[in-house]
Amino acid sequence: MNLNVKFAGMELKNPILTASGTFGYGLEFAPYGDLTALGGIVVKGLSWEPRTGNPMPRVAETPCGMLNAIGLQNIGVHRFVEDKLPLLPWSEVPVIANLYACDAEDFARLAEYLADQEGVAALEVNISCPNVQAGGVLFGQDPRQAALVTAAVKAKAGAKPVIVKLSPNVTDITAIAKAAADAGADALALINTLSGMAVDIRTRKPRLANVIGGLSGPAIKPVGLRCVYQVSRAVDLPIIGLGGISSAEDVLEYIMVGAWAVQIGTANFLRPDMAFRIAAQLPGLLEELGVKSWEEFRGKLSI
Amino acid sequence: MNLNVKFAGMELKNPILTASGTFGYGLEFAPYGDLTALGGIVVKGLSWEPRTGNPMPRVAETPCGMLNAIGLQNIGVHRFVEDKLPLLPWSEVPVIANLYACDAEDFARLAEYLADQEGVAALEVNISCPNVQAGGVLFGQDPRQAALVTAAVKAKAGAKPVIVKLSPNVTDITAIAKAAADAGADALALINTLSGMAVDIRTRKPRLANVIGGLSGPAIKPVGLRCVYQVSRAVDLPIIGLGGISSAEDVLEYIMVGAWAVQIGTANFLRPDMAFRIAAQLPGLLEELGVKSWEEFRGKLSI
Amino acid sequence: MSDFILAEQADTAIPPTSGCIETTVVDLTRTDSAHDLENSLWLLDLQLPASFCEGKGWQPGQFVMIRPVSWSFEPLWARPFSICMAGNGILRIFFQVVGRGTRAMTKLEPGEQVVVWGPLGNAFSVEPDTPTLLLAGGIGLAPFIGYAWSHPQPDLLFLLLGHRPSVSGYPLHLLPESIARETARQKCEEDIACFVRDLESRIAEYARINGLILACGPHPFLRAVQTMAMQYRARAQLSLENRMACGIGACLGCVTNIAGQELPVKVCTQGPIFRAEDVKLEQAVIDRVKA
Amino acid sequence: MSDFILAEQADTAIPPTSGCIETTVVDLTRTDSAHDLENSLWLLDLQLPASFCEGKGWQPGQFVMIRPVSWSFEPLWARPFSICMAGNGILRIFFQVVGRGTRAMTKLEPGEQVVVWGPLGNAFSVEPDTPTLLLAGGIGLAPFIGYAWSHPQPDLLFLLLGHRPSVSGYPLHLLPESIARETARQKCEEDIACFVRDLESRIAEYARINGLILACGPHPFLRAVQTMAMQYRARAQLSLENRMACGIGACLGCVTNIAGQELPVKVCTQGPIFRAEDVKLEQAVIDRVKA
Ligand SMILES: Cc1cc2nc3c(=O)[nH]c(=O)nc-3n(C[C@H](O)[C@H](O)[C@H](O)COP(=O)(O)OP(=O)(O)OC[C@H]3O[C@@H](n4cnc5c(N)ncnc54)[C@H](O)[C@@H]3O)c2cc1C
Ligand SMILES: Cc1cc2nc3c(=O)[nH]c(=O)nc-3n(C[C@H](O)[C@H](O)[C@H](O)COP(=O)(O)OP(=O)(O)OC[C@H]3O[C@@H](n4cnc5c(N)ncnc54)[C@H](O)[C@@H]3O)c2cc1C
Ligand SMILES: Cc1cc2nc3c(=O)[nH]c(=O)nc-3n(C[C@H](O)[C@H](O)[C@H](O)COP(=O)(O)O)c2cc1C
Ligand SMILES: Cc1cc2nc3c(=O)[nH]c(=O)nc-3n(C[C@H](O)[C@H](O)[C@H](O)COP(=O)(O)O)c2cc1C
Ligand code: FES
Ligand code: FES
Numbered sequence: 001m002n003l004n005v006k007f008a009g010m011e012l013k014n015p016i017l018t019a020s021g022t023f024g025y026g027l028e029f030a031p032y033g034d035l036t037a038l039g040g041i042v043v044k045g046l047s048w049e050p051r052t053g054n055p056m057p058r059v060a061e062t063p064c065g066m067l068n069a070i071g072l073q074n075i076g077v078h079r080f081v082e083d084k085l086p087l088l089p090w091s092e093v094p095v096i097a098n099l100y101a102c103d104a105e106d107f108a109r110l111a112e113y114l115a116d117q118e119g120v121a122a123l124e125v126n127i128s129c130p131n132v133q134a135g136g137v138l139f140g141q142d143p144r145q146a147a148l149v150t151a152a153v154k155a156k157a158g159a160k161p162v163i164v165k166l167s168p169n170v171t172d173i174t175a176i177a178k179a180a181a182d183a184g185a186d187a188l189a190l191i192n193t194l195s196g197m198a199v200d201i202r203t204r205k206p207r208l209a210n211v212i213g214g215l216s217g218p219a220i221k222p223v224g225l226r227c228v229y230q231v232s233r234a235v236d237l238p239i240i241g242l243g244g245i246s247s248a249e250d251v252l253e254y255i256m257v258g259a260w261a262v263q264i265g266t267a268n269f270l271r272p273d274m275a276f277r278i279a280a281q282l283p284g285l286l287e288e289l290g291v292k293s294w295e296e297f298r299g300k301l302s303i
Numbered sequence: 001m002n003l004n005v006k007f008a009g010m011e012l013k014n015p016i017l018t019a020s021g022t023f024g025y026g027l028e029f030a031p032y033g034d035l036t037a038l039g040g041i042v043v044k045g046l047s048w049e050p051r052t053g054n055p056m057p058r059v060a061e062t063p064c065g066m067l068n069a070i071g072l073q074n075i076g077v078h079r080f081v082e083d084k085l086p087l088l089p090w091s092e093v094p095v096i097a098n099l100y101a102c103d104a105e106d107f108a109r110l111a112e113y114l115a116d117q118e119g120v121a122a123l124e125v126n127i128s129c130p131n132v133q134a135g136g137v138l139f140g141q142d143p144r145q146a147a148l149v150t151a152a153v154k155a156k157a158g159a160k161p162v163i164v165k166l167s168p169n170v171t172d173i174t175a176i177a178k179a180a181a182d183a184g185a186d187a188l189a190l191i192n193t194l195s196g197m198a199v200d201i202r203t204r205k206p207r208l209a210n211v212i213g214g215l216s217g218p219a220i221k222p223v224g225l226r227c228v229y230q231v232s233r234a235v236d237l238p239i240i241g242l243g244g245i246s247s248a249e250d251v252l253e254y255i256m257v258g259a260w261a262v263q264i265g266t267a268n269f270l271r272p273d274m275a276f277r278i279a280a281q282l283p284g285l286l287e288e289l290g291v292k293s294w295e296e297f298r299g300k301l302s303i
Numbered sequence: 001m002s003d004f005i006l007a008e009q010a011d012t013a014i015p016p017t018s019g020c021i022e023t024t025v026v027d028l029t030r031t032d033s034a035h036d037l038e039n040s041l042w043l044l045d046l047q048l049p050a051s052f053c054e055g056k057g058w059q060p061g062q063f064v065m066i067r068p069v070s071w072s073f074e075p076l077w078a079r080p081f082s083i084c085m086a087g088n089g090i091l092r093i094f095f096q097v098v099g100r101g102t103r104a105m106t107k108l109e110p111g112e113q114v115v116v117w118g119p120l121g122n123a124f125s126v127e128p129d130t131p132t133l134l135l136a137g138g139i140g141l142a143p144f145i146g147y148a149w150s151h152p153q154p155d156l157l158f159l160l161l162g163h164r165p166s167v168s169g170y171p172l173h174l175l176p177e178s179i180a181r182e183t184a185r186q187k188c189e190e191d192i193a194c195f196v197r198d199l200e201s202r203i204a205e206y207a208r209i210n211g212l213i214l215a216c217g218p219h220p221f222l223r224a225v226q227t228m229a230m231q232y233r234a235r236a237q238l239s240l241e242n243r244m245a246c247g248i249g250a251c252l253g254c255v256t257n258i259a260g261q262e263l264p265v266k267v268c269t270q271g272p273i274f275r276a277e278d279v280k281l282e283q284a285v286i287d288r289v290k291a
Numbered sequence: 001m002s003d004f005i006l007a008e009q010a011d012t013a014i015p016p017t018s019g020c021i022e023t024t025v026v027d028l029t030r031t032d033s034a035h036d037l038e039n040s041l042w043l044l045d046l047q048l049p050a051s052f053c054e055g056k057g058w059q060p061g062q063f064v065m066i067r068p069v070s071w072s073f074e075p076l077w078a079r080p081f082s083i084c085m086a087g088n089g090i091l092r093i094f095f096q097v098v099g100r101g102t103r104a105m106t107k108l109e110p111g112e113q114v115v116v117w118g119p120l121g122n123a124f125s126v127e128p129d130t131p132t133l134l135l136a137g138g139i140g141l142a143p144f145i146g147y148a149w150s151h152p153q154p155d156l157l158f159l160l161l162g163h164r165p166s167v168s169g170y171p172l173h174l175l176p177e178s179i180a181r182e183t184a185r186q187k188c189e190e191d192i193a194c195f196v197r198d199l200e201s202r203i204a205e206y207a208r209i210n211g212l213i214l215a216c217g218p219h220p221f222l223r224a225v226q227t228m229a230m231q232y233r234a235r236a237q238l239s240l241e242n243r244m245a246c247g248i249g250a251c252l253g254c255v256t257n258i259a260g261q262e263l264p265v266k267v268c269t270q271g272p273i274f275r276a277e278d279v280k281l282e283q284a285v286i287d288r289v290k291a
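Protein chains in written order, with full-length UniProt numbering: chain A, 1 to 303; chain B, 1 to 303; chain C, 1 to 291; chain D, 1 to 291.
The following block holds chain A by itself, in its conformation from the complex (with noise of 0.2 Å):
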């Protein structure tokens, strides 16, 4: 069949999309795989300074899981779209730029100076930030702050889609979605990682410097599936699920529940080819399952 999909003014050859901080800029993966074979690429959360991020360690393994507390070190906006952005292919593959700021006015100013890169093809808000204006709550666990900053990345996002990516550590997660919903956002992508920790008992010490960090890979993949089943039955606008995908069969289950495209993350890192291979296999998983179009499978969850 054919693997096209188009939603939010993109058109993605099929829907592997690469997520954000698990395909470092895209470069780093060119070795293992043919980057225009895949549907899109989602590169590293991007602020408008360079960010050095949280001491070391910041990586641990959990239970078929892994906690990551990067605290999201870039280079900055301006070095990806001067020395990384030029060697990427993204005439032939879509480049989502994600963004990370702290406050409303820096995320416009960031969706500003992307609007005009001919190389990006969409926004992702990644509003997982705390606000500190707002009493530490983050921008994702609170409807109106959503609301807030997708307005603001919308206004000055010009023709570019925005993508709103969700975190699951909420009450209601489709509260969250309708508010960025109705606040503008093209598409939401969800999940983003779990609250979690895990400690030493012999160092008693934290495994992750920061303490807490977010949990994420095959682990978190039913939180994931939960998460878009909501989202989709709630709000009308186009899904990119993620969480836990390391299998074309997994690709399916979030396609199932409602997801137009989906994201690889965490599994990136138990191969480098694995994005490519999942976008390889899809084919004929589909053919197996007799599958026609996505417009028959999506969402056709048969309850």
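Calculated from the structure, these hints are not laboratory results.
Ideal Cβ placement from N, Cα and C applies to all residues, glycine included.
Don't take every hint at face value.
Stated by the list, open to error - Heads up, incomplete: computed chain B residues facing chain A, CB under 8 Å, no partners named: (1) Thr52; (2) Cys64; (3) Ser195; (4) Tyr229.
Said to hold, decoys possible - Stretches of chain B that chain C covers, calculated by requiring three or more beta carbons in the stretch to come under 8 Å of a beta carbon on chain C: (5) 21 to 28; (6) 105 to 117; (7) 157 to 163.
Using the hints provided, position chains B, C and D with the ligands relative to the given structure of chain A.
Just chains B, C and D with the ligands now, with coordinates in the frame of chain A:
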């Protein structure tokens, strides 16, 4: 060292309890170990009337975890007290009743009935039922609702300690914890399962007839540790920690982040002698680590 | 006849078991010669825990939960298997590869550690003087090997085995020689229709002579047997293969609805064997449990 | 000397690699004879991917990420290992059991499938005419075997190996015979003090003659080398063993702070080898990474 722990008016010979719903009514495990070697037994959630639970299938395996949507099938509190409790060695090991109801009055009625039962050492309140009157939000997801239930149970529990069991499916678990504490809870137990789902792309059906279920097992340990850590710093009540514990090491991880005792849940399914083995291994591990008392270890994570 | 079953199904006593034991793999042999690992057939011999035959011992139809130590957390649960034979120091099971757990079991090495608990559940009725029809759907043969050996008059038994992989993969040589048997391969629609006719005439016959019918196999097979048994008013017992997380009545994940029971009953402790007229084999469960 | 290293550390180019390959286990041998599995020493030979020596080839000090296919999700990450040797159809690594990943690797069977990516990272400098001191802390010996074979004048090399398990477990016979060497076991406080004195006098000596010092081993060992190298102004390169999730610069989990760099640098792509004067070996990291 002396493994004894005292809190909330209870005295446990060691901090190893079993988690509700994973240890039947206790008796099922008698062939696999000495029930009196445990710190305590928390039995399957009890409602006023017997409940048939959800349709099948209601369990599914997931990476390093499982989903369940048993739907609180149970024989009802009266048959528990009449048929099961007399067979349990409750004079030698504390038996804790886990209560389940869908409104505050029902909770109060359960508490009142159990307050009179000599064989019941404490009441654990499962507030993960959706409150239909409050628009279907779970009691455990709203601080006011949580306080309401806690106060209702506490008012009728007489001398029995009241343990409130918290859900991790909230934006801020410390807010619920504080509400329960202010409403009179004697201790808190956390975490209950994470909301999740699983699907089968071949049958195109959810793997649970109920569609959504609760995720438990090693996969969720990082979330449980994080919740216990946060709540233990926010609330001045003893905490019973659980979520993914499957070894003596895991027990000490929970105690190091602030728990007074722990519960073994899904791991009981890995082998039915699991809780007994962990209780037996604990002294050796403590000795290896040079721990001399709980006071010197509990909450002593060095940041 | 089924007093024994009904007693267990009353959900009062804890069935006797030898507890949870760490034992070792003695031998693992593949019995079929197909190319594919999927659906392949295996005999697994474990060192029989000394405690296993003490006390009440084990009875055919009972099962064990098996979990290799090497599984750490993946797969998470143990897997249930009928006891094929237990004696002479060996606990033998006969299994088919259907998913990741059974696939992982094909990697077991002699000497490797395996956690086992059992014997679990109730057993097939034994009526020493009654002609008894054993209906095995594929791997459902497993408990009948022990059953045949334990029966006081094996010449009263007749085994009908419906199978998909070649019959050579099924260890029929482990049965007492005196047992009458028939096998029927189901390769195509026609085979299946033919097998169903055969099944029906046998069930009708045993209904007529008030014989005992015991069935073990996949859900669709059990449903067919159930329907016919009801139709001909035969006395049939079905062994259910519901998905099990604990095997000991603790998780309530394996339940089934039984006529006359207010609450769903636990297949692991109150079954796995039920009278055909009592059990509700729901279609929804079948679709999901056997994809 | 360190131009090569500094170029890589500039975080521009993607270091050349042969990509991600599924290969098979040729051989696994335990080299020590201790009783315990913990800390045991092993040589693992994998079939060398044909692409591995093409193009730029590999250089001593580089590493590979290894992940047996049988791991499914547990452990989750691949594990990094120095290339001990690569040639004649064999990719050899030398590893020590320190945790669950390396423990699981001791179960590898010939013929088993393993995913490998590499060669990764930068390499130790080779200065053909400079006396070069190789400082190996235990398993840190691994890269020096390849280094010694690739060096144009092996008689200019001197290897000092500090070790805890018996020396017989270290495959010193794999080194070219012409290489001078000394080994020192660290069993007690006294041994350690003695080894540290030895280390210091060697480092002082190589500083004097403007020799090159290369070190590979656990963090505390590297710290000791670093301190002494700074003190005597020796030219030393350290190979870091930070925890790695991806090995290719994508996760930012392996970073370390380097003098003169605004952002933390990736040990996997910009290292693992750094000049002693540049790298900040933080105590906090050490406590946590090597418990
Ligand atoms: C009392 C009892 C006795 C059994 N005796 C035998 C026996 O003697 N020999 C034998 O080969 N098998 C027997 N089974 C079935 C066996 O337990 C399953 O085949 C096995 O658990 C599948 O594990 P898996 O990881 O390979 O499959 P999974 O990967 O878990 O699943 C693969 C497929 O098998 C189905 N399945 C998974 N678990 C079960 C389960 N517990 N029961 C039924 N279907 C399941 C799934 O729905 C799926 O379609 C018995 C089951 C029960 C309950
Ligand atoms: C570039 C590089 C080259 C290496 N070369 C070799 C080699 O040639 N031979 C060899 O035996 N080892 C080598 N190591 C170390 C090896 O990667 C670790 O010993 C291994 O990853 C531990 O895995 P584990 O699952 O057994 O330990 P775990 O169970 O993950 O951890 C056990 C202990 O090892 C520490 N640890 C875990 N992962 C790492 C890691 N990636 N780096 C350092 N410490 C870790 C943990 O903090 C813990 O104290 C190298 C590491 C790096 C980064
Ligand atoms: C090491 C690491 C770094 C990440 N960095 C980012 C980031 O910069 N921005 C972002 O939106 N999400 C980030 N994430 C979250 C992932 O994009 C993804 O939402 C999450 O890991 C769940 O998907 P997975 O289970 O497939 O990994 C990061 C995840 C990991 C593991
Ligand atoms: C099959 C099953 C049934 C459960 N039933 C209950 C219950 O009746 N009441 C309750 O409070 N928690 C129930 N739980 C939640 C557990 O008590 C526990 O909070 C959760 O599983 C997390 O711990 P674990 O990861 O150790 O299993 C159940 C969990 C499982 C797996
Ligand atoms: S398998 Fe757990 S109750 Fe039957
Ligand atoms: S290991 Fe991932 S960036 Fe170095």
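- Hint numbers contradicted by this structure: 1, 6 and 7
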